[in-house]
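Engineer: Produce the complete structure using the sequences and hints provided.
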Amino acid sequence: MADGIVVRDLNAWFGAAHVLHGIGVTIAPKAVTAVIGPSGCGKSTFIRCLNRMHEVVPGARVTGSVLVEGMDVYAPGLDPVQVRRKIGMVFQKPNPFPTMSVFDNVVAGLRLGGVRERSVLDEAAERALRQAALWDEVKDQLGKSGVSLSGGQQQRVCIARALAVEPEVLLMDEPCSALDPIATAKIEELILELRSTLTIVIVTHNMQQAARVSETTGFFLLGELIEFGVTRQLFTNPHDKRTEDYITGRFG
Amino acid sequence: MTPRSRRVVNVVMSWLAAAAAGLVVLPLLLILAFLLWQGASAVNVDFFAHLPKPVGEVGGGMANAIVGTLILLTLAAILGLPIGILGGLYLAESRDRRLPWVARFLADVLNGVPSIVVGIFAYTVIVLPMRRFSALAGGFALAVIMLPIVVRTSEELVRLVPASLREAALALGIPQWKVLLRVVLPTARAGIITGVMVAIARVAGETAPLLFTAFGNRFWHQGLDQPIAALPLQIFAYAIAPYDDWHRQAWAGALVLIGLVFVVSFAARLATSGRFTGVR
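Protein chains in written order, with the numbering used here: chain X, 1 to 252; chain S, 253 to 532.
Honestly, I wouldn't trust all of these hints.
[Stated by the list, open to error] As a list, the in silico DMTMM-like pairs of lysine to aspartate or glutamate whose alpha-carbon atoms are at most 25 Å apart:
#, chain 1, residue 1, chain 2, residue 2
1, S, Lys430, X, Asp79
2, X, Lys241, X, Glu227
3, X, Lys86, S, Glu419
4, X, Lys86, X, Glu193
5, X, Lys93, S, Glu408
6, X, Lys93, S, Asp348
7, S, Lys430, X, Glu137
8, S, Lys430, X, Asp104
9, X, Lys30, X, Glu193
10, X, Lys93, X, Glu166
11, S, Lys430, X, Glu227
12, X, Lys30, X, Asp245
13, X, Lys139, X, Glu215
14, X, Lys93, S, Glu309
15, S, Lys430, X, Asp122
16, X, Lys139, X, Glu188
17, X, Lys144, X, Glu166
18, X, Lys144, S, Glu419
19, S, Lys430, X, Glu117
20, S, Lys430, X, Glu188
21, X, Lys93, X, Glu137
Think of the hints as simulated: they come from the structure by calculation, not from any bench. All figures in this text were calculated on a predicted structure; none of them were measured in a lab.
Structural biologist: So, in structure tokens, the structure goes:
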């Protein structure tokens, strides 16, 4: 069932603060969708609702429905662990596990999920690192600490770690905000290569980045989805005055 | 202030601060020096290899007490560390407000309970029902003393593990309990080990709680349900005895006890510093 992500009437709270208001959107499969908007508009919360990471924060609450590739993410009785296994996530700051080597980091999801066979792990590590365009750089230092690499390499280790469990969807929460332009360019290149196999949702503060990597873009403001459409159209000819104000730099 | 007087004040204050730092380590250095002076002459192969000699005979050693202390510390670690570390993990991770607050408060109170009271407690719950002094009772008493130290340091160190690592692990679809045991605890490992070493060093020298639990023994270890020798007990017994030879052996015992703590800490550090470490 390649039907992407269907979100209906999604509301989210942090304690008493209502941070997402009735979001409804359909995200295309095997494509890159960018989520833009000013700080605090709810874009990170939105993607964290897609893999049930929002509820990890004490006091957080969600209503509404999310279907990811046909799976009802908020089905009663469904273990969030099952959801997160199908949906990978990459965070703002590279966060490799400091007690693990590069190799152990990449296969952490598999190994802690119960996979023991060395050959399976070896294969998965190489495949994921190749997908993350990191294999040639680190193949001789797989035993080194994950935190000994450069920031850009660490972030690609984190991407490889997410890819190693073969998710159907990859969520990226401002994955380049802690990286320099060269490392950023590498990650963007990587996103363009991955989109044929994965559904990617990327939150970004950088509008040029959204324009470069995505087919579709959503603009969030104050917890509402203001506009959602083809990226080129949204940036050149937005329907909503608020979108136009934001992309032309009148606020935010 | 003229530039000159400012420089003078700077120099004076720097020296005062350095002197304060020196005073902090002075007691330790004095104790070590005094122990070496008094005890080094009695530390010889016999001391490590032989049982105490009967009163009146010269020579003999404290081999049984050294082994006894190691057994007691091992027992205390087996009983106290798993509970202490997992308890600390709970205190750091629980979202509940009430129970952790109460547990934390009680742990701090337990930390302040005089060790002889812990000895009476062990006497009541283990020695009386078993109708005999035993290594087990001694190990239990030491474990109770270790517990609050291990709980609180483990909690502090688990708290230092960045939330971003937990999130990364959870987002990989790893169940919460595995995230805690395989990602969070290993990241806090180096620091927790330091805390554990502090706790072991603290109980290694405890005498009062062993008086009516382990009781002491002039012979080799005879089973966990039997009275067992311990260095602090032996030092105590020898130090208050009226024989010069025993006094020398008591000094030697104190020196060996300090050396033991040092070696255990050092070995644990070496054994765990090989792989990549997280927070310290």
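Engineer: Hint by hint, say whether it matches the structure.
Structural biologist: Quick rundown of the hints versus the structure:
1. Using a Cα cut-off of 25 Å, the hinted pair lysine 430/S and aspartate 79/X holds, with the two alpha carbons roughly 15 Å apart.
2. A hinted pair counts as satisfied when its Cα atoms are at most 25 Å apart, and lysine 241/X with glutamate 227/X qualifies at roughly 10 Å.
3. Distance hint between lysine 86/X and glutamate 419/S is fulfilled; the C-alpha atoms sit about 16 Å from each other, no more than 25 Å.
4. The hinted pair formed by lysine 86/X and glutamate 193/X meets the criterion: a straight-line CA distance of about 19 Å does not exceed 25 Å.
5. Simply put, lysine 93/X and glutamate 408/S have alpha-carbon atoms about 24 Å apart, close enough for the 25 Å limit, and the pair holds.
6. Distance check on the hinted pair: lysine 93/X and aspartate 348/S sit about 29 Å apart at the alpha-carbon level, beyond 25 Å; violated.
7. For a cut-off of 25 Å, the pair hint linking lysine 430/S to glutamate 137/X is broken: about 30 Å separates their Cα positions.
8. Between lysine 430/S and aspartate 104/X the CA atoms are separated by roughly 15 Å; this keeps the pair inside 25 Å, and the hint holds.
9. Distance restraint check for lysine 30/X and glutamate 193/X: the Cα-Cα separation of roughly 11 Å lies within the 25 Å cut-off, and the hinted pair is therefore satisfied.
10. Straight-line distance between C-alpha atoms of lysine 93/X and glutamate 166/X comes to about 22 Å, which keeps the hinted pair within the 25 Å bound.
11. The straight-line distance between the Cα atoms of lysine 430/S and glutamate 227/X is roughly 40 Å, outside the 25 Å bound, and the hint therefore fails.
12. Our distance criterion of 25 Å between C-alpha atoms is broken by lysine 30/X and aspartate 245/X, whose separation comes to about 30 Å.
13. A threshold of 25 Å between alpha carbons decides the hint, and for lysine 139/X with glutamate 215/X the separation of about 33 Å lies outside it, so the pair is violated.
14. For the hint linking lysine 93/X to glutamate 309/S, the alpha-carbon distance of about 71 Å lies beyond 25 Å, and the restraint is violated.
15. The hinted pair formed by lysine 430/S and aspartate 122/X meets the criterion: a straight-line CA distance of about 22 Å does not exceed 25 Å.
16. Straight-line distance between C-alpha atoms of lysine 139/X and glutamate 188/X comes to about 22 Å, which keeps the hinted pair within the 25 Å bound.
17. For the suggested pair lysine 144/X and glutamate 166/X, the alpha carbons sit about 24 Å apart, so the restraint of at most 25 Å is met.
18. Taking the CA atoms of lysine 144/X and glutamate 419/S, the gap is about 23 Å. The hint holds against a cut of 25 Å.
19. The hinted pair formed by lysine 430/S and glutamate 117/X meets the criterion: a straight-line CA distance of about 19 Å does not exceed 25 Å.
20. Restraint check for lysine 430/S and glutamate 188/X: not satisfied, since their Cα atoms lie roughly 32 Å apart, outside the 25 Å limit.
21. Simply put, lysine 93/X and glutamate 137/X have alpha-carbon atoms about 20 Å apart, close enough for the 25 Å limit, and the pair holds.
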